[in-house]
Each structure stands twice: as C-alpha cells, then as structure tokens.
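Trainee: Residue numbers (our numbering), protein chains in the order written: chain A, 1 to 643; chain B, 1001 to 1176; chain C, 2001 to 2134.
Below, simulated DSS-like cross-link-like pairs (lysine-lysine); rule was C-alpha separation at most 30 angstroms, straight line:
{"id": "1", "chain 1": "B", "residue 1": "Lys1040", "chain 2": "B", "residue 2": "Lys1176"}
{"id": "2", "chain 1": "C", "residue 1": "Lys2090", "chain 2": "B", "residue 2": "Lys1149"}
{"id": "3", "chain 1": "C", "residue 1": "Lys2090", "chain 2": "A", "residue 2": "Lys391"}
{"id": "4", "chain 1": "B", "residue 1": "Lys1040", "chain 2": "C", "residue 2": "Lys2090"}
Read the hints as simulated data drawn from the structure, not as lab findings.
Residues per chain are reported as follows:
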Amino acid sequence: MIAELGLAALWLAASLALLQMLAGWAGWRQASEPLAALLRPVAIAQGLLCLLSFGALIWLFYITDLSVLLVAANSHVDKPMIFKIAATWGNHEGSMLLWVTVLALSSAAIALFERRLDKPTLSAAMMAQAALSLGFFAFLLFASNPFARLDPAPQTGAGLNPLLQDIGLAFHPPTLYFGYVGLSVAFSFAVGALLTSNAGASFARAMRPWVLLAWIFLTVGITAGSYWAYYELGWGGWWFWDPVENASLMPWLAATALLHSVSVLASRDALRAWTIMLALVAFAMSMLGTFLVRSGILTSVHAFAVDPERGSFILALMLLYIGGALTLFALKIGQVREGKLFRLISRESAIVGNNILLSVILAIVLLGTLWPLAAEAMGDRISVGPPYFNKTTIPLVFLLFLLLAVGPLLKWRGDDARSLRKLAIPGAVVIAMAVGVWATNPGVSLWAILGLALAAGIALASLFPLLGRNLLRTPLTIWGMVIAHLGLAITVAGMSAESGWTSEKLAALAIGESAEVGGWTVQLTDVTPVVGENWIAIEGRMSATSKGQAFVLTPQMRQFFNPTQQTTEAALLTRWDGQLYAVLAPATSDKREKWQVRLWWKPLVTLIWFGGLVIAFGGFLAFLGRLRIRFRRKPEENVWKQA
Amino acid sequence: MKRNWLVWMPLLALAFVAGLAIFRLANPNTDYVSSEMVGKPLPEFTLPAATDGVEGLTTANFRDGKPRMLNIFASWCLPCQAEAPYLDQLKAAGVEFHAIAIRDKPEDVAKFLAQNGNPFVRIGADQDMLVQLQLGSSGVPETYIIDGKGRIAYQHIGDIREEHVGPLLKIYRSLK
Amino acid sequence: MKWFAVLLLSFALPTLVAAQETVPPLANQQLADPGQEARATKLMSVIRCIQCQGQSIHDSDAPIAAAMRHEVRARVQSGENDAQINAWLKSRYGEWISFEPPSHGAGLVLWLLPVLLLGAALLVASSRFRKGKS
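Take these sequences, add in the hints, and give me the full structure.
Mentor: Pasting the structure below:
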C-alpha cells in the first residue's frame, strides 16, 4: 500500500514537472498569464510529492517490507536499524530516487526562496529545471522503479554490502547528492540567462547563494567520502585518483571556479561568459559523475550499482541536456553583452587565472580518468593512476596557491604590483620553512616539504583581507572567505604531513610481542572472538604506548552473514598530532600463533578532513552573510509578487 | 573573433566523452590482462610435484621438440572443473598436457584429479604464485600453447569451452 | 541468540583464521634497510594489482599482489634499480601494470596535455588583454 502510494506520488510529481515546464515556458515567453501563474504552486507541489515518495521508501526500509523488491535485495531483518534506513539510498534505485527528489526540491526551493531574478529569466530557469526533472523521472519510472514488488516475498532479505554498513553511508551520499544535484540550479539559471540574454550583475547576485549552497554540500560530501574510504577500506589511503573519486572531484573543481567567477560577476559585472560556461560545466560534471559510477565503463574499487543498460539511459540524458545546453551556449553567448573590462594586474584577472587553473586541472582529471578507454580504443592497454595525476595537478595547485595569496590583495579593475609588497612576509616565511624543513628532514619528498611550507604561506595570506579592519564589523562574507582559505591551508598541511612523514610497519606478532612505529610501541595483548549485531569477528587487542601514555586498539576481522562477506575493520587512535592506524590479518599458515599486523603512524592526517570541514564552514558563513545582506537591504523585493 | 571557435570547445569535449562512453558500452570490458610473454621463450623455472603420483615440472620438459599445452589451474577454481571435459577432448585429439597447480595443497590436488580426471603428464606446484608471475599469467584457469623449442606460442585466458577446442587444436597442430 | 552466535563463531572462526595460506616470505615482511624498504614501498604503490579493481599491490590483500610484493622486494634487495624492476614487470604484463602511463604511444598525449592546455589558455587570455583593454 505504502509502496503504491510512493509510486503514485512519483507519477503525480512527474506530471507536475511537465506542467512546470509548460508554465515556465509561458512565463518566459509571456504567453499565457494563467499558465505562468501556476509555476510557483506547481513547483512546490512537485517537491512535496517527491519528498512524500522518498519518505515512503524510507518507511518501507524502516519496517523492512520484504514484499518490495528493493528492500528484499538490499536489506535484512537482522540488520541494525540505522543501516536499514541508510540502505534506502545505498543502492541504484534508491539513490536515483534521492537524485530526483533533490532535483524536485530544488525546483520547490527556487519557487519558495528566489525573489530577485527577473521574471522571464526565472521562468526560463524553472522551465529548464523541470525539463531536467522530466528526464530523470522517466529514467526512474521506466528503468529503475524503486517500488517494484516481489511476489512471493522472501523471508529474510539479501542484506546490505558490509562495506556500506557504516555510519559513512548516512552522511556521504545525501550530502554529495545535495551538492551534485544542487548544481542543477546553477545550470538552470545559466540556461535561463542564455535564453533571455540577461547575464549581468543582478543575475549573478541571484545565482550566487545557490552555487554557494551546493558547493558547501559537495565539499562536505567529498570530505566525508574520503574519510570513510580511509578507515573502511583498510589500507590507510585517503585519495587514490580512482575514477569514482574523480567523478566527485570534477563537479567540485567546476563549482569552486564557478563560485569565484559568479562573485566577480556579481560585484564587478565581469566574466559573464566564464560564469555561464562554468555553471553549465559544473552540472555536466555531476551528470558525468553519476554516469561513470553507475555504468561500469571504468573499473573502480568504489563502484556500486553497476548496470551498463541503465548507464546508456543516463548517457542519453546527458547528451540531451548537456549537449543541448552547450549548443545553446555556443549559439547564444555572442548575444550576451561583454561585461566590464579590467586590466592585467587586477583582482578580476587573478580570478581569471584561478578559473583557468581550475579548468585545466578539471580537464586533466577528466582526460586522465577516461584515457584508458581511449587507449583501448586505439589498441593499447595502459593505466592512469596517482603518479600521473599527482605529477600534473600538484604543480598547478601550487600556482593556485600563489594566486590565492595575490588575488585578495589586488584592487578591482586595475592595480599595480606594489600592492603585493605585503606578500614579502608570507613569502619569506614560506622560503624559510621550506629550507628549514628540507635541511632537517633528509629523504622526505620535496612535494611534501613544499606543500607544508605553502600551507603556512596560505594560512598567513588568507588572513590579509582582515588586516586593518574592525574585526567585529567585518562582513560575514569576508570572514567566510578568510576561513575557507584558512581551511584550505589546514587541508594542505595535513596532506603534506601525511605524504611526507607517514611511517608504516609490517610485523608478524605472537600474543605478547610488540612492534614499533613512529614513536609508538604497539603490543598485541590478546586475540579474541567477538559477536556483533549481524557479524562475528576476531578482534585483536593491542596496547599502544608512547611517551608514557598507553591506549588500547581493537582491529577486527569481521565475518558478516547477510550477505556472507569478510571485512577488515581497522582500529584508529586519534591524537592531536596524528593517527595510529592498525590492521589485523591472519598470519601465514605455518605460524598459526602469529598474526599479521599492519601499523601506520600518520602525522597530522586528521587535518585533511578537519580542513575540509573548515572550508565548508567558511562557505556556510559566507552564505549566512549573503542572506543577511539580502534581507537587510531589500526585504520587500519579491519577483513573484510583480505584475 | 577569438570567442567564436572557443565557445564550441565544451561541446567538442562532450562529444569526445560520449564517443568513449559509447565505445565502451558497445565493447564491454574484457576484464583480463594478457601476458606479454606470448612469442617469447618460456622463462626458466623448476617446480616440485603437485601431489603424489605425478612428477614435477621444469622448463626443460618443454624443449624436447614436441609442442605441448600448459594448463594453469587450481583445485579451488570452479571454472577449472568446468573445462575438464574439454581438456580430455584435446588430449584425445593428441595434445600432450603439462600443468601448474596454483596455491594448492597436495591432498586438494589429488582430490581434484580424482574428481575431474588427470589429462596431465606432469604437474608442478606453484605455491606462492611466483612462476605464475614469470609467465605473465593473471589468474586461473589459463592455457598456454608451447612449441617444441619451449617458446610460448599462444595464451588462452579463462576456461576452455566447446567453441575453443577447434581453434586451439588448429594452433597446436600448426606447431608440429 | 548469543549461543547461536557462538556456535556460528566456532564454524566461521577457522575460515577467518585460515584465510591466508602460505605467501612468499617478502610479501608481508619489510626489508631490513629502511632506504630500500622506502624505495620498495614507492614502487609497490605504483604497480597495479592484476586481479583487484584498480588497487596497487601495496594496498591489496589478494594473493597475487602478495606474490608481486615479494618479487619487488626481492629485486630491490638484490640491487636492481626502479627502471629494471618496472621493465621486468612490463615484460610480463605490459604497460598496464604501472599506474604511471608511458611517455610514448598512448600516453604521450596525457603528459603533453597540461602544458598544451595551460599554454593555450594563457595565449587566449593574453590576446584578450592585448586587444586594448585598459
């Protein structure tokens, strides 16, 4: 009953999306006033119906209704409750429903909260948003129905992949989806602007908060995903340039460039073409990402829900929407008047440099990820992995850091190099640090040393916009920028420390023996069986001591039952200066009393994800600042109430 | 105008990506890695007998002028059991087989041979997969065709099925 | 319910424990010389595991990865340099085995790309500035 209700709500929402598209068209062309008047209520209703549908699916998972095929295939009566619920989106159909729901909620949110964009552009944007929704509704209803029934219903269910039975599943997909799909708003706004040839400063001011919101979610989503993979997959790596990881990074790169570009457009009315293009590219990357992850065309350790047939459907949608939008861009961007001009040395041009570098990095990641396919088409079999991506992107990222230091110090429109004198101090700090660390740490990679030094430099440089200001009266938006850039410095420091100073120890230990790593002595004190809610495990108890303090680590080898799968659960000990990471594996068979232990000491590694959250927090402050400015200045402005 | 051709770049990129995607969707991933050693001489190795009643395997066993097939298998490998009847077919057609058992205990190999028959003249035991690496082999089962001089002429990846018997025989016979 | 779990445990324990049969000695044993071990680790992080989905042999649990780790460490210990070890692996499995794409053939474009793109972008940007925008 609930399942049928959920499906019915979905169909209804789909028809409303069609209506929204027509109403949007009417508003854009100013064709039919009554039809155009439907736009707002229809969009809100569509969002609510999708929410209802998604809620129905969550309910079905909550009560473990095994007569629904999706629940039977992904859940089990004995699973812990939190994973029963999170399993709603831990599969293809459920996560597609999440995608569609966020898309519909975006329409509703635009209808509820967007008040500034002029009516024709806004109507055109909502038409585009509805058009996007329609394609995905079709995909969901015809090729990925989450509410399909299973008759007869099984007794227990197949269970969820143990690697997904983790708190990370509760955070990573939803935040990532709000980010990915939230970029559709920027996409639709850009399409609207192309259709009405209105891409000026007021357009940018309207679009900016939407970009910011999506970007914040994406940042949190990627950070969560990286940390989840780090502790779940058991080899201590936090980024592998794996195709699925790249699929999430590419929209983020585009969104970051877009964020900076739209700010320039909003405050200086420059970079119109860049901003429109980046808005289209960002959502294009979202669609590409979901295609890569689901179609199975690339091998990945993170791949889930692989189905080439459904992949083809998404590819078709991608060609339709992105191809359509990019064609519109090529044809109509000439009609968008060029924005205000600026000189070579100016803040605008620093942001152009930022855009260029981020776009080049995006292109490198895109090409590198897809190149094995291209090579195979040419008859060669090659692999493209971390060595390539690191060698090509890190130098460019270092250049970006330079711009980060330089940009905020330059004036808009035109400046001269003397404004950069303030950089003498951070510059000296960077050089001194780099030389000092290099001299006292022989054998450590140059990249790590440089990264650490640059992180210090960025930290200092990011504070410069605050110089000479009354800190209590500085706008939240400036604070947001400062903190976001500071977060970047923290992340880079963590990455450099981890890559340069991690120590690893492999040891075969009998109970009572110990191994040393990174200043810690780790002794295996016991190995015992342990029972969990839907798993059993062999748990090793390790006593880790350093500088007189002792802690207990309990890595496990788990055997899950539904489905039957073994996992290794690493044990992490987090200190202020790093993490101790321990993994237990059975030893070689002729030494039954010995256990294979893998230990890492990773200095400052938690800064990587802490920094990511700080970056997102900076974005959040900027978002609050925008809202404050908007509602303080023009509280009555409301496009929906205009004639 | 510079802007003119630039604005078509993103669309071009999309076309490139779509082209690759369509290529892959039309030609699904082969998922296996071929050995680069095909066409080269068999690497030098000496392997002990995999179980009682069979003899071990060395490279010299392949260099006596007679072409042979080398089957890489393991008792824990299900497709290896599935291909047993086709190995018998090839043997009946005159093919001489040697084999390498990967990561197997002698008793498991004996059980496997008892259940599926033993078409092999010699079976070497490669407990730690090091000889497998030498061959450029990436898994089980695989079958190599070795010519009389000990050169690897062909690599068949995966289990041998009905449709493979004919072509394999043809290559084998061409080496005589 | 707990007794049932314990019963299950006694059956499942052996599979958890016996999961690993013999692996060659240097698969999970670090080399005595830290410099050599660092070099071996760097190599292993760049070599692709044949059977796994895109993992390096340094990270992978698969038996064949263990065999490859042993081979790499043994060769590092016996004095071979990186180029020789990479060459040996590629002679068995081709370019695919290394995560670093080759600088010739199919990989050439990849390595040229960043330079080309950056150069092109700077050219376009600078020409727009030179067109009298002041």
